[in-house]
Amino acid sequence: MPPGTVEGYSAALAVDRSWDYGFGVLETWLEDLETLKSLLPALSDVPTLLIWGDADPAVYLESAEPLREHFRKCEYVTMSGVGHLPYEEAPEDFNRIVTEFLLRPI
Numbered sequence: 001m002p003p004g005t006v007e008g009y010s011a012a013l014a015v016d017r018s019w020d021y022g023f024g025v026l027e028t029w030l031e032d033l034e035t036l037k038s039l040l041p042a043l044s045d046v047p048t049l050l051i052w053g054d055a056d057p058a059v060y061l062e063s064a065e066p067l068r069e070h071f072r073k074c075e076y077v078t079m080s081g082v083g084h085l086p087y088e089e090a091p092e093d094f095n096r097i098v099t100e101f102l103l104r105p106i
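Under the numbering used here, the sequence shown is numbered contiguously, ending at residue 106.
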């Protein structure tokens with residue numbers, strides 16, 4: 001990751017009530033996932049790009065395929081040696097992948 005990335009994400013922890021916010025997210029995590037899952041059928045025809053880092057310790061690579069199955073027009077890219085934050089860890093490659101996807105005719 002570029003210098004300053006960890007410091008930038010960590011700075012939010014010093015803000016009043018940031019821990020309250022984080023715990024609030026955790027409290028509704030499963031409910032929020034169910035809500036997102038219920039919305040997937042309405043999004044099935046939206047062209048979708050899934051980008052996964054094969055070194056992501058937070059969201060396993062194996063979880064991409066079940067998500068991919070919800071989209072009819074889905075492109076899936078695995079970034080080798082990249083973790084959970086591909087836009088931070090490999091910004092040039094990430095931007096190239098996204099730009100190529102966005103410029104591709106539908």
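Don't take each hint at face value.
What the hints assert, rightly or not - In the SDA-like style, the derived pairs of lysine to any residue whose C-alpha atoms are separated by at most 20 Å in a straight line are:
1) Lys37 <-> Ser10
2) Lys37 <-> Leu26
3) Lys73 <-> Leu26
4) Lys37 <-> Gly8
5) Lys37 <-> Glu69
For the record, the hints were derived by calculation from the structure and aren't laboratory data.
Going through the hints against the structure:
no., hint, verdict
1, Lys37 <-> Ser10, "30 Å, violated"
2, Lys37 <-> Leu26, "17 Å, holds"
3, Lys73 <-> Leu26, "31 Å, violated"
4, Lys37 <-> Gly8, "31 Å, violated"
5, Lys37 <-> Glu69, "12 Å, holds"
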